[in-house]
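Listed below, chain by chain, are the residues.
There are 2 protein chains.
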Amino acid sequence: MRSVSTQYRNSSIVSVDISEDSVAQAAQKVRAAALTNIWFQQGDIFHLPFTAQSFDHVFVCFVLEHLKQPLVALQKLKTYLKPGGTITVIEGDHGSAYFHPDSESAQAAIHCQVELQARAGGNALIGRCLYPLLVTAGYREVWVSPRMVYVDSSKPELVDGFTKKTFTAMIEGVRQSAIEEGLIDPVTFDNGIKDLYRTTGPDGTFCYTFFKAMGKA
Amino acid sequence: MRSVSTQYRNSSIVSVDISEDSVAQAAQKVRAAALTNIWFQQGDIFHLPFTAQSFDHVFVCFVLEHLKQPLVALQKLKTYLKPGGTITVIEGDHGSAYFHPDSESAQAAIHCQVELQARAGGNALIGRCLYPLLVTAGYREVWVSPRMVYVDSSKPELVDGFTKKTFTAMIEGVRQSAIEEGLIDPVTFDNGIKDLYRTTGPDGTFCYTFFKAMGKA
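Protein chains in written order, with my numbering: chain A, 1 to 217; chain B, 218 to 434.
In isolation and in its complexed conformation, chain A is listed as follows:
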């Protein structure tokens, strides 16, 4: 919120989410921070109530990975941009995760998350696809800037905040679904999670890449 309030204090920001709850939580935080330039809109990205060519910029983060039709979403969002308006998209790519010590069980556990997201209509490997998606959606001057997260034990805040509490926690979260859908047996999954935690040891390393893409309407 600090960066919004200082960098964008003269901007009018509309914040959208499909979840009423998330919108309500965000709105409460904004009120608590006494920010007056942020509005909220619960809505479906494919049916938003905005006027064509009414935004200078659209920012989309960790959304496309969940959509059956990310290309259509990008095309719709483009209609809301003023001519020359810009878009920023940030997505992860679980195929960019590799680590030391390497582990087939850990790779199998990660693959469960990728497969479950695919079965739900999403794409956990979408980061590498942002360039063709934005170009095909009609954006110009598309520029993709990968942001690699590299973790070793000289970076304890990343060991804890990223490898353990972000990535491994997310993979742990699909345990029940992965087993119920018959994607993996419990022993292999649990070994995989153990091996992911093993990469947070003094001699472990962990790599993951987020993709930031920018384009112009």
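Don't read these hints as lab results, they were simulated from the structure. Being a predicted model, the structure only gives us computed values, none of them experimental. A few of these clues could be false.
Stated by the list, open to error - Pairs of lysine-lysine residues, derived as DSSO-like cross-links and limited to a Cα-Cα distance of at most 27 Å, are as follows: (1) K429/B x K212/A; (2) K212/A x K372/B; (3) K155/A x K433/B; (4) K295/B x K216/A; (5) K212/A x K381/B; (6) K381/B x K164/A; (7) K295/B x K155/A.
Mind docking chain B on chain A? Use the hints.
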């Protein structure tokens, strides 16, 4: 050579390779460039004829990946460094290669290269291991800086110079050995190579990461 002659004109550089031929070729280039501060030494990294604590810096690039004992090599190299001298190591990691469109055949072809290098005693996935290797070898203040190569069709010089002529050409180079060793059938391998070239199309992307590690004796 330009950077050596300008940045390091007051340094004395000893350039080492295990191949007599490579040393001879390099020496010829140095003579042609009229550089006078570079010496050459053919030698085995495990048995070099240098005096202990006689170098300010050691630079190792694409060497450890081929060694059965990369840790021992790093320990040996450390003995040649003056107290407080530094080392720079650069290595790739073929497990960092991913691309769009994704392809199981392409992944299988890459895996052949990784497996052949492992059978020869090397490690094509060594990039992610540089941190523990340098720390275990006794270097201090170890710092790893990954350098990701991201390629899409907005970067034609990387499409041609990296995806086609560096990475895919290298994988193509193991075709015969991979088939002879029974790692893959010719059809799958050739499909894999075709799919790697497919990533150089207008909608393709390709990712690879080199690891640069620095440490202090």
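To see whether the hints hold, each was checked on the structure:
| no. | hint | result |
| --- | --- | --- |
| 1 | K429/B x K212/A | holds (23 Å) |
| 2 | K212/A x K372/B | holds (16 Å) |
| 3 | K155/A x K433/B | holds (18 Å) |
| 4 | K295/B x K216/A | violated (51 Å) |
| 5 | K212/A x K381/B | holds (24 Å) |
| 6 | K381/B x K164/A | violated (36 Å) |
| 7 | K295/B x K155/A | holds (24 Å) |
Checked against the numbered hints above, the structure violates hints 4, 6; every other hint is satisfied.
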